[in-house]
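Respectively, the protein sequence lines represent chains A and B.
The first sequence lines up with residues 1 to 297 when you count with our numbering.
The second sequence lines up with residues 298 to 611 when you count with our numbering.
Worth flagging that the hints you see were computed from the coordinates, not collected in a lab.
What you are looking at is a predicted structure, and each value in this text was computed from that prediction instead of being measured.
Do not take every clue at face value.
[Claimed, not checked] Label-pair restraints from in silico Cβ distances:
hint : chain 1 : residue 1 : chain 2 : residue 2 : range
1    : B       : TRP577    : A       : SER109    : 25 to 35 Å
2    : B       : LEU394    : A       : ALA68     : 53 to 63 Å
3    : A       : THR55     : B       : LEU558    : 34 to 44 Å
4    : B       : GLY582    : A       : SER109    : 48 to 58 Å
5    : B       : ARG440    : A       : SER109    : 46 to 56 Å
6    : A       : ARG253    : B       : ARG440    : 49 to 59 Å
7    : A       : ALA68     : B       : LEU611    : 24 to 34 Å
8    : B       : PRO608    : A       : PRO273    : 20 to 30 Å
9    : B       : ARG344    : A       : SER109    : 12 to 22 Å
10   : A       : GLY20     : B       : ALA597    : 52 to 62 Å
11   : A       : VAL242    : B       : ARG440    : 47 to 57 Å
12   : A       : THR55     : B       : ARG344    : 33 to 43 Å
13   : A       : GLY20     : B       : LEU611    : 22 to 32 Å
14   : B       : ARG527    : A       : VAL242    : 50 to 60 Å
[As the list claims (entries may be wrong)] Cβ-to-Cβ under 8 Å is the rule here; a few derived chain A residues that face chain B:
hint : residue
15   : THR42
16   : TYR51
17   : GLU83
18   : ALA84
19   : PHE87
20   : PHE98
21   : PHE99
22   : LEU102
23   : ARG108
24   : ARG124
25   : ALA127
26   : MET129
C-beta: ideal position from N, C-alpha, C; glycine also.
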Amino acid sequence: MLVVTDRLTKRYGGFTALDGCSLGVAGGEVFGLLGPNGAGKTTLVRLIMGYLRPTSGTARVAGFDSVADSLALRGEVAYLPGEARLFRRMTGHETLDFFARLRATCRRSDAVAVAGRLGLDLGRQVARMSTGMRQKLALSAVLATEAAVVILDEPTANLDPTARAEVLDLVREANAVGRTVIFSSHVLSEVEAICGRVAIMRAGRLVHEQSIRDVRRGHVIRARLAGRFEGVPDALAGHVRVVADSAAAGEERLVLEAADSLAPLLGWLATLPLAEVEVEPIGLAAVYDRFHRGAVE
Amino acid sequence: MMASEPGSLGVQRERRVEAPGASTGTRGGAPLGRRGDAWILNGAVWRQAWGDQRLLWLALAALWGAFPWIYIWLQSQVPMGDFQMLLRLIPEDWQKLSGVKLTEVATHAGRVALAFVDPVVVLGATVWGVTRGSDTVAGPLERGTMEMVLAAPVRRWAVYASHAAATVTGAAALCGVLLAGIWTAVAFGPWSAELGPARFVPAVGNVFGLMVCMAGLAALCSAAGSHRSRAIGILCGFYVVSLLAKLVGRLSERLEWVGWLSVFNAYEPQRLVSGQPDAWWLLLGYDAVLLGIGLAAFVAGGIVFARRDLPAPL
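Same shape as in the complex, but just chain B (with noise of 0.2 Å):
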């Protein structure tokens, strides 16, 4: 049947009402729901999630971006000889953490490379992956919008992935950033007669493969659960884990094999930055490693959110 709208929102249309029990799969010759039945990624959403993250997003640019010029110009106050010296003080023990060998970190390049150690870069790249990656599913379900967006013909699916895009695209822009600020400090700052930026590019590689590692374990708990809070609490503590079996594989002969539990395992910035080739070999080693974990952490976590119960807000 046909029924005409009355003018109380200022318009007369007509609007067809479909008779009961009808199957009702277009509407005015247009695919029903035809903003919301993507598979993949729903623009809304896509938006609406990098407005979530926007003001992380910048605040990581910036730091990011000043980083290299203020740590590659603190680096230069120190002599090369001196560094040495300081280098040979430290116990043989716990040379064996640098994970590369001290006559390579006593170079301008080896000390550039210990800025994608430092923890302005890990905990970066890590506070980027937990705080987005667990804010998928749970973060959402907890503010109570997760119903709203889902009273909407809206894949579950096409909320997830485009969360997920958002975070992995993010992180990829501040790689972008972390890059331009790495290349544009070495090749105007103080060492810029001494090295070339472009030995730099396979370990921002291997910095966005941790951030996509960090962001796919947390999207995982994210959707499994309903408090954002404990998934980044679960990804905080394997955030420590990984690090400490890290440690653990690297001081001690006998518990090596603890080491290859760790994600860190994987994330070796400061032996991508010999400028030949076997770099882009190793790079892709460590993201395999990575970027699997990441994605299929992705993955597992859209099929667990794609099945759940979705509990009313608390």
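Isolated chain A, as found in the complex (with noise of 0.2 Å):
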């Protein structure tokens, strides 16, 4: 795993901003990190940057422990942060010569074609670019460099959709040729677009990891039983479970949901009163909504 934490815990007094958090990415992964404002991802990642000290637990990258090599951690990482900041009286040009003085594995040349990639006008003063220029600017900096690890805290914050797309192709390009990519973001669609695997974290806790390829497998099954539903026979338990199950004027309405292939449980679906049935892939909204009822994007 090029990115490991073990029990990560940070703590302000009596309120913990993360509980051991455990977590692995290997490299080349495009790893999505989800969860509402407030459920810890910012603190993650801060955590592995070196910014704040653990309360217990610990974090490496490429084997350099966030708090005792944060320097050479830092090296193997090229972090966007959520709202990127940017000195104003700078203009876009000396902005980019800026952060390539500082990161020996940042090609200026690299920033500015990534900038011409997103529209913008390096030539413009930061204090005068509206806020997704500024971030447009902040991306090319941080995509240009040759960091082993990306880490962008919500990248397509404030940009227009042409942008997002372009961002989203600058992401895969990068995981093309071998980078680990962490990706946090609201937007579900976008996850689910260009990550390998999310974590779905809750109030301080990281709370559910799951592959994308197994959210895109799996199936919700609503049905309307003209008759009684037994329950689910034990030869078919590990492959769905029931979610919802409710019984009104002689009907029963169910939802199920099929972690893996539909194939073994359409015979037995077939054997149900069905007076109506529903198939559709199970999505990240829906994994999603299962911790955070209605905060979904």
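Can you join these two chains into the complex? Each is in its own frame, and there are hints to help.
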């Protein structure tokens, strides 16, 4: 694993911002970090970056500890904060010069090329740029580095749809050359589109981890039965679970979730007294909603 | 493994991707993060800090360059006899506030020396020290630029020291401008026949000590907090309390000890214009206190900054 956290915890007095978070991100993976505001995503990232000292537990990137080897760790990571703030008096060109001087593995020419792809006017002073333009400028500086790990905290916030698509393409390209990307976002469709695996956080805890392939393989089955539902047969218990079951006026409404292929279930479904049935892929939104009801995109 | 980067950025180049878990200390033979791993100073941060303080420096340089000329010209408009008469009108208790005997003030050197305790110089020195010192950590933290800088492999110490060094060299350069102003105004001004400019060098050294002291204390407050305005507020309070302590110590024999609590006890430029070697020894004592406090505060601020949590910008 390239990025590893082990029971990482951060407390501020009586408030626990991150609680025993153990996570592993493999090299070359695009890893999605999901959760509403205050779930602990930014705290987790700031602990990995060494901005915060853990109350307990450890975080490592490429074997470097976030506290003891913070400098070496940051040499391996390119990080875009949630709200990237830049020097207001500098122009776009000066900003890219500055970051290229700070980091040996950041090429100014690459940063200019990324800015060009994002349609950014580098001659303009940062103070005169819109929030979206500043985001593009920060992205140009971050994505032009050759760091092994790229951590992007809500990179597409404030961007227009064209720039969003371009950013997702840049992330795919970074991943295609073997870089590991940690992508934190509220936009589930983006995460589903580019991530290979996601983790969902709630109230400082890592509550769920799943590969996007599994998310796509799973299905939701909504059925209205004309008769009584007798339960899931033991043989299928590992394939399907009942999410909701309500009976009224002689009919029963069911919501089932199939974690894997539908094939083993089809024969059993055909034996049920189905009045109506609707089958659709689960999707990330449904998984997310399981942990954060009402807080979906 | 080796991977080829697509020509999306106009270049095809090979890039080494380390095996997971492997230690990646070098890349392409170059030390990792070689531009950012300096312990003491970082060139990019140094230039950026100078860019931030450029306008304030230019404004103060213009003020301090012109002030000695204007001040000495205004002083020269009052004949010495009239000035001595004015001094005699000051109540005896108040005369203690000057820090030197009035007979010493009523000389050409004494009258020029009053320029160093004029608000233009004292407040200018304080404004530089407090505004630049407070911008060492809390300013960039508040503006959110600190986390962008520290996302790169740059030591916190190097970021801090680069800001601090820019502040101190800025102060030194401003003192150079003040000295040049005093020197030329004395050498070529209305009292050129009565005075030599070299006697004012120790007084300028005392101004530098005050600037470093204020900057160091402001940097310490800045390193411990997240709001620049709070650091400025604390230093303004410190300034007022120090000034009052000095006044109380001077005016009351019973409370003379209170004066020793004031940092301004070591800021007595009017005592340093005798032109004798003892002025340099006196300066050494004063600046040992001021520079000692300032540098100790700078170091303490660096230690605090290196160990603290950096909150997300508001």
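(request) Would you list, in rising numerical order, the hints stated earlier that this structure does not obey? (result) 1, 5, 8, 10, 23, 24, 25, 26
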